[in-house]
Amino acid sequence: MSLSKRDQAQALGSVLEGQRPEVQDPLVQGPPESGVRISKPTREGGFDSYQVTVKGHTLPVRMPKMDPPSTSQNGSVYGERTNHTIDEVARALSQLPPETLSVLTRVELSATRNPSDDYWAQEYNTPDFTSYMTCGEEGLVTIYPQTYPLGTEDIAETLIHEAGHAWSFQQWGNDPEAKAWSPWKAAAEKDGISISNYATNSPTEDVSETSAVYLATRGTPEHERFRQAFPARFAVLDQVFAGMKAAG
Amino acid sequence: MSVPTHPGKIVFVDQDAGTEQVKSADQVPASVAFASVEGSQVPVTRIVSSVRGDQRVIHSYDEGGRLLLSTVQVRAQRD
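The listed protein sequences derive, respectively, from chains A and B. Sequential numbering of the first sequence, starting at 270, is according to this note's numbering. Sequential numbering of the second sequence, starting at 7, is according to this note's numbering.
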């Protein structure tokens, strides 16, 4: 019995909507797995600068010196905000596929909130709006401090998605109405369904959402399930990532 | 360092609400009106926002449609 596209989407159920396949390895303390090299830090002003090498990619990572959060007698944490450790950053980088690593140039952890947060809070009527990360056009990733610890999967998932914008714009240009985007849009039309509600916002989000799932599941049985649901888009991604690999 | 100039207007698009509004660049902070790209301040002329899961994502573009900066809101604290 063959399933309609709608049935396929329903069969994939929660995986398609809201429960993207998470990058494995939730918050883990301690050093990253073998195969990741972290240089000794060099001190520059109020920052420690490291070189993190993973899968043949070396990325500069700059960490501010931060006061550790204080803990009261009843166990509540107060005081300074906290940010990821160098081990957490290295571990997150080790979870990224080479295609994502290839568009990153450096990672900076900020000691202070994003200066735009107050404006975003007002603009989007979200009084406690707090940026987690910004990804710049040139591959600079900035991670902002938080009042509670976040897992490394937060870094990896966000980067895989945002890097999807970077490589797709590099490959096909900035204008999704341009001819270079036609093969992707034709593939999306052929597949008939979207991988998430968010993907339906635009072709650019469709690429990032679909490629994030493609890369996060690659080498797993789940990947083949998604390939069956999105064969045309996965065929485009096969070509793109083969080309990126060939280009080094 | 010279002060960068801005074309003047920024279009704010809220994809979830389906709304679009134009603001004067001098109504917003410099950190919103400009993005730093390789040491230069590049004017932002279009800001597109939408909510992905429990996170708002804000994309800032230049006049040519180049994505200059993606801002991702922190997720709600998980138990």
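Hints were generated in silico from the structure; no laboratory data involved. None of these values were measured; they are calculated from a predicted model. Every residue gets a Cβ at the ideal spot worked out from N, C-alpha and C, and that includes glycine. There may be inaccurate statements among the hints.
Across the chosen pairs, the derived CB separations fall in these ranges [to be verified]:
1. B:G24 <-> A:R312: 18 to 28 Å
2. B:V19 <-> A:K334: 37 to 47 Å
3. A:R312 <-> B:S30: 28 to 38 Å
4. A:A504 <-> B:G59: 34 to 44 Å
5. B:S46 <-> A:T311: 21 to 31 Å
6. A:G461 <-> B:K29: 19 to 29 Å
7. B:G45 <-> A:R312: 15 to 25 Å
8. A:Q391 <-> B:G14: 13 to 23 Å
Okay, which hints does this one fail, numbers in order? Violated: hints 1, 3, 4, 6.
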